[in-house]
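*Asks:* Start from the sequences and build out the full structure, keeping to the hints where you can.
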Amino acid sequence: MKTLFKILALTLITSAPIIAQNSLEAKMDETHIIYDESFTTDANTTLVLDLSNTAAIIKKSKDSKVHIKYTKAFKNYKKKFVESSLKSHTVSGKKENNKITFTSKSRNSRYYREYQMEQVLIGRLAKMKDTTTTIKPIIRKSIDSVLTQISLAERSTLKDLLGTIKIKPRVQKWKKNDKMQISKMIIFIPEHIQVRMTLGNANLFFTDEFLNKTTMNSRNSRLKFKSIGNVLNVFDVDNGYFNVEEITAGNYSFANTRELTIGRVSNSLINSEFTKVEIGEVGSKVEVVDFNSKFTLHNFSKDFQILDMNTEYSEINLFFPEDLNFNLTTYGSHTKHFTDNKVFDLSNANPRTDGIMFQLKNEDSYGKNVNNIKINSINGIIRYGKDLIEINE
Amino acid sequence: MKRDIRELFNNEEEQEVKQLPNNHRAEFLTQLKKQSKPKRKPYGWLSVAAILLIALTIGFSVFNTDIDKDDPEPIIAQIEAVEAEYLANIETEWQSFIALTEDEKLVTRFRKKLDELDMDYKEISKQFKNDSNNILVIEALVDNLQTRLQILKDIQKHIKILNQKNEQHENTF
Numbered sequence: 009m010k011t012l013f014k015i016l017a018l019t020l021i022t023s024a025p026i027i028a029q030n031s032l033e034a035k036m037d038e039t040h041i042i043y044d045e046s047f048t049t050d051a052n053t054t055l056v057l058d059l060s061n062t063a064a065i066i067k068k069s070k071d072s073k074v075h076i077k078y079t080k081a082f083k084n085y086k087k088k089f090v091e092s093s094l095k096s097h098t099v100s101g102k103k104e105n106n107k108i109t110f111t112s113k114s115r116n117s118r119y120y121r122e123y124q125m126e127q128v129l130i131g132r133l134a135k136m137k138d139t140t141t142t143i144k145p146i147i148r149k150s151i152d153s154v155l156t157q158i159s160l161a162e163r164s165t166l167k168d169l170l171g172t173i174k175i176k177p178r179v180q181k182w183k184k185n186d187k188m189q190i191s192k193m194i195i196f197i198p199e200h201i202q203v204r205m206t207l208g209n210a211n212l213f214f215t216d217e218f219l220n221k222t223t224m225n226s227r228n229s230r231l232k233f234k235s236i237g238n239v240l241n242v243f244d245v246d247n248g249y250f251n252v253e254e255i256t257a258g259n260y261s262f263a264n265t266r267e268l269t270i271g272r273v274s275n276s277l278i279n280s281e282f283t284k285v286e287i288g289e290v291g292s293k294v295e296v297v298d299f300n301s302k303f304t305l306h307n308f309s310k311d312f313q314i315l316d317m318n319t320e321y322s323e324i325n326l327f328f329p330e331d332l333n334f335n336l337t338t339y340g341s342h343t344k345h346f347t348d349n350k351v352f353d354l355s356n357a358n359p360r361t362d363g364i365m366f367q368l369k370n371e372d373s374y375g376k377n378v379n380n381i382k383i384n385s386i387n388g389i390i391r392y393g394k395d396l397i398e399i400n401e
Numbered sequence: 549m550k551r552d553i554r555e556l557f558n559n560e561e562e563q564e565v566k567q568l569p570n571n572h573r574a575e576f577l578t579q580l581k582k583q584s585k586p587k588r589k590p591y592g593w594l595s596v597a598a599i600l601l602i603a604l605t606i607g608f609s610v611f612n613t614d615i616d617k618d619d620p621e622p623i624i625a626q627i628e629a630v631e632a633e634y635l636a637n638i639e640t641e642w643q644s645f646i647a648l649t650e651d652e653k654l655v656t657r658f659r660k661k662l663d664e665l666d667m668d669y670k671e672i673s674k675q676f677k678n679d680s681n682n683i684l685v686i687e688a689l690v691d692n693l694q695t696r697l698q699i700l701k702d703i704q705k706h707i708k709i710l711n712q713k714n715e716q717h718e719n720t721f
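Chains A and B are the protein sequences, given in the same order.
Residues in the first sequence are numbered consecutively from 9, following the numbering used here.
Residues in the second sequence are numbered consecutively from 549, following the numbering used here.
Source of the hints: derived by calculation from the structure; they are not laboratory data.
The beta carbon of each residue, even a glycine, is placed where N, CA and C say it ideally should be.
One or more of the hints may lead you astray.
[Claimed, not checked] Listed below are the simulated DSS-like cross-link pairs for lysine-lysine, each with C-alpha atoms no more than 27 Å apart in a straight line:
#  : chain 1 : residue 1 : chain 2 : residue 2
1  : A       : Lys102    : A       : Lys73
2  : A       : Lys144    : A       : Lys350
3  : A       : Lys80     : A       : Lys113
4  : A       : Lys394    : B       : Lys705
5  : A       : Lys382    : B       : Lys705
6  : B       : Lys708    : A       : Lys382
7  : B       : Lys660    : B       : Lys701
8  : B       : Lys705    : A       : Lys350
9  : A       : Lys86     : A       : Lys187
10 : A       : Lys302    : B       : Lys660
11 : A       : Lys88     : B       : Lys677
12 : A       : Lys95     : A       : Lys187
13 : A       : Lys302    : B       : Lys674
14 : A       : Lys284    : B       : Lys653
15 : B       : Lys674    : A       : Lys113
[Claimed, not checked] Which chain A residues stay away from chain B? Per the calculated CB distances, all over 12 Å, these:
#  : residue
16 : Thr39
17 : Ile41
18 : Asp44
19 : Val56
20 : Lys68
21 : Lys80
22 : Lys83
23 : Leu94
24 : Asn105
25 : His200
26 : Gly237
27 : Arg266
28 : Phe282
29 : Gln313
30 : Asn318
31 : Asp331
[Said to hold, decoys possible] Over the 12 Å line for every Cβ pair with chain A, so calculated as not near, a few chain B residues:
#  : residue
32 : Pro569
33 : Asn571
34 : His572
35 : Glu575
36 : Leu577
37 : Lys581
38 : Lys582
39 : Leu594
40 : Ser595
*Replies:* Below, the structure is given as structure tokens:
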């Protein structure tokens, strides 16, 4: 049983694309090239990626071609297992009418069967039943702290997973005969082409700036970006995890996203529902439309100009901008405001106030260009704090 | 014709006293050795070979039994059990939620969301039937159920906070 656990831990870790990137140096018995193709592109080329049950690293292409390489390496596996594992991948690519289509689907991830299913499910059930979570105050995080959190997102997910099934990987003590398999898909995309992605149960890591005009439809996927920001970006993310160091432009929709962590955001529209959102720094011209999500906004850039939030049944935890002139106004109705251990149940009943519930005005701001936080909230909860927000429930 | 039986025995003892041959002991041992010799079986090596063959076959099949080839049925059974438990909890939370709020729009929106998630679940279930060993699909199934349960719990907590009685204030302070 211990061996099984070791194999599992090994397989899990090595299947993570980032780690796979570094560990390919390990001596493997055999490496199979599942797909290796390059496509020429021009400014009108569209790349269509349809990835299901697939982990991949996306990089900026150094030439004007799309390069896709998919390899799988094995160590200490029987031939039968290797053959079966290779057969579980369906990969195809073609270029027609200046449209490159690449499809990768993987069925029956056999190596995951080394999971102790029972323990996974029991562990998850136990988590589900544990509703008595301790309520901790929220502490303001620096932008660097949020960026570190994003960089560790992959590892923390792995840690959670291993924690759930109660195993301790002994990375340094693996023996020569331990089984190992590493799958590695790398897609190089030139900056100038359009990209359309359909993702299901995918795990993608964009290691470089990704400024291509992108339409993304993602379900149950784990996505991690360094930087995205084409003005014409349209992302539709359903469930899963989304971690990005920086968003500089575009439209992004999130539904039921379990973890949405953004280092910096500016010039963007975020449309969300039932999502947990954490933002390290709010930059210029950010608009949020939300239903029933939880926001934590840690910092504001010096020239954020305006943060405009239209929310319903949302929970907003907002740390006041530091060393900045700003005005804060909340509009709407039936919203609880928490500040300095005080609670104000505010509703706008007076038509003369233009729907204003709460206002914090900088008296020195008259005639100056100051930054504005506007929150339209219906049935919401808004908490304010300088460096710490107490959660009194 | 009457005879004394004691006389009869006395006469016999006198007439028939037989002596054992001198080498009776050696003859007995020779006979005994002859009887205890095993009968030779002409095809004895075949049984040895058969035993070896059976042992090798069992050993080979055990050696080649992939750990991944366990019966998938228990996994399906586990998922069904997890599903049943979650769905029961979701139903309880749903009843508790609709009892807590008077906002019909909110109830409608949640019903729509739960229906969407349920449709998603049915789709993932189809994948699960075709690929019941794929942990990613299993995780998607469990995530879907957890999401439904969690949003119902969260909204109830939210409504309870909204409904707590606190100070009422004017619109500017």
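*Asks:* Would you mind marking each hint as holding or not holding in the structure?
*Replies:* Hints versus structure:
1. A/Lys102 to A/Lys73: Answer holds: A/Lys102 to A/Lys73 is near 14 Å, not above 27 Å.
2. A/Lys144 to A/Lys350: Cα-Cα ~17 Å, so holds.
3. A/Lys80 to A/Lys113: The hint holds at about 14 Å.
4. A/Lys394 to B/Lys705: The given pair, whose Cα atoms are some 25 Å apart, holds under the 27 Å limit.
5. A/Lys382 to B/Lys705: Given pair A/Lys382, B/Lys705 holds - Cα atoms ~25 Å apart, limit 27 Å.
6. B/Lys708 to A/Lys382: Since the Cα atoms of B/Lys708 and A/Lys382 sit roughly 25 Å apart, the hinted pair holds (cutoff 27 Å).
7. B/Lys660 to B/Lys701: Answer holds: B/Lys660 to B/Lys701 is near 16 Å, not above 27 Å.
8. B/Lys705 to A/Lys350: Cα-Cα ~19 Å, so holds.
9. A/Lys86 to A/Lys187: Roughly 10 Å between the alpha carbons, so the hint for A/Lys86 and A/Lys187 holds.
10. A/Lys302 to B/Lys660: Holds. A/Lys302 to B/Lys660 sits at ~20 Å (cutoff 27 Å).
11. A/Lys88 to B/Lys677: holds (24 Å)
12. A/Lys95 to A/Lys187: holds (19 Å)
13. A/Lys302 to B/Lys674: Violated - the C-alpha atoms of B/Lys674 and A/Lys302 are around 32 Å apart, more than 27 Å.
14. A/Lys284 to B/Lys653: holds (22 Å)
15. B/Lys674 to A/Lys113: Satisfied, since the Cα-Cα distance of roughly 16 Å is no more than 27 Å.
16. Thr39: The claim stands: A/Thr39 keeps its Cβ more than 12 Å from every Cβ of chain B (closest is about 21 Å).
17. Ile41: Correct as stated: the minimum Cβ-Cβ distance to chain B is 23 Å, above 12 Å.
18. Asp44: It holds; A/Asp44 is separated from chain B by about 25 Å at its closest Cβ, greater than 12 Å.
19. Val56: A/Val56 clear of chain B: closest Cβ-Cβ about 21 Å, beyond 12 Å.
20. Lys68: Label holds. Min Cβ-Cβ 28 Å, cutoff 12 Å.
21. Lys80: holds (16 Å)
22. Lys83: A/Lys83 clear of chain B: closest Cβ-Cβ about 16 Å, beyond 12 Å.
23. Leu94: holds (15 Å)
24. Asn105: holds (31 Å)
25. His200: Nearest chain B Cβ is 33 Å from A/His200, so the label holds.
26. Gly237: Its Cβ never comes within 12 Å of chain B, the nearest being 29 Å, so this holds.
27. Arg266: violated (7 Å)
28. Phe282: violated (5 Å)
29. Gln313: holds (23 Å)
30. Asn318: Check passes; 15 Å lies beyond 12 Å.
31. Asp331: holds (23 Å)
32. Pro569: Holds: least Cβ distance 75 Å, greater than 12 Å.
33. Asn571: holds (71 Å)
34. His572: holds (70 Å)
35. Glu575: Holds, because the least Cβ-Cβ distance between B/Glu575 and chain A comes to about 68 Å, which exceeds 12 Å.
36. Leu577: holds (61 Å)
37. Lys581: holds (57 Å)
38. Lys582: holds (58 Å)
39. Leu594: Consistent with the label, B/Leu594 stays out of reach of chain A, its closest Cβ about 33 Å off (over 12 Å).
40. Ser595: Holds, since 33 Å exceeds 12 Å.
Checked against the numbered hints listed earlier, the structure breaks hints 13, 27, 28; every other hint is satisfied.
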